[in-house]
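Undergrad: Sequence:
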Amino acid sequence: MAIVISADTELHVHLEGSLTPELLCRLDPSLTLEEAMGLYRFDSFGGFIEAFKAAARRLRGPEDYSLAASALFESLASQGVRYAEVIFSAGVVEWKGQSLDAVWGALREAAAGALLEVRWNVDVVRQFGGEPAERVAEWAGRHVSEGIVSFGIGGDETARPASEFARAVAMAREAGLKFTPHAGETSTAENVWEMVRMGADRIGHGIRAVEDASLMAVLRERGIALEVCPTSNLRTGAVASLAAHPLRALFDAGVMVTLNSDDPAIFGCSLAGEFEVARKMGFTEMELAVIAENARRCRFEI
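Numbering-wise, the sequence shown is residues 4 to 305 according to this note's numbering.
Source of the hints: derived by calculation from the structure; they are not laboratory data.
Where hints are given, some of them may not hold.
What the hints assert, rightly or not - The calculated EDC-like cross-link candidates involving lysine to aspartate or glutamate, where the alpha carbons are at most 20 angstroms apart (straight line), are:
1. Lys56 - Asp31
2. Lys56 - Glu38
3. Lys99 - Asp31
4. Lys99 - Glu134
5. Lys56 - Asp159
6. Lys99 - Asp67
7. Lys283 - Asp255
8. Lys181 - Glu141
9. Lys181 - Glu137
Assemble the whole structure, with the sequences as input and the hints as a guide.
TA: In structure tokens form, the structure reads like this:
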């Protein structure tokens, strides 16, 4: 009997990374399509950060955020995605000096009209430090009943020590939010360990965990899932090739992994496409069905 893979749950997709070049031109009419496409050409993690910033800067107010969210929801629904936890960089909104409440109102309204179930991971930027993160955590805690399910830390994981964010994480936890940091994407297994010690419920990327068998054992025993994004890792240089990607080693070690698109417009990928990438990496249909089910099991309920 044929196995039908239902890639219907997306747990790691950034709103700001979902802006297609065409949408960038709509948001910023001064851009030509060629210029917009050029913003997404890079060959390093640093280049990716610049691309992400360029996209985020084009979101100039609530209407732009609403437009971006609606476009993302339409894209996900067209792929058969029924549930998504969307990463919203509240830290970037604050950095731009915009009204977080106004932007959030626009996002909630867009989500209400989506053809899929939407939840939110409110993200802060590691480069910005602990104090801005605490402000965002306090804000997120006041909106926990409005679809926000987790608090995350993104950006350059080497920029600041994890200890700077301990208070922000504690504030988010006290408000009832889960903790979903990025870690072990471009650095080392120690960064994953740090986030495990801080109580991570899931970890964005986490692929460097493969360097430490004892860490993989802890992830397996505690059921801490890794939100793995192969195309993203290839584009940022986190892995040299798909053949060198640790997804197989993590899966075989019994670590719970999910497949995700991360920043689909920037990387030119999709959730369905990531399953196809995994097929090319040698995963069987039965194994892919397990990975798809992992995502459904790991979603955060309100």
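Undergrad: Are there hints from earlier that the structure breaks, and if so, what are their numbers?
TA: none
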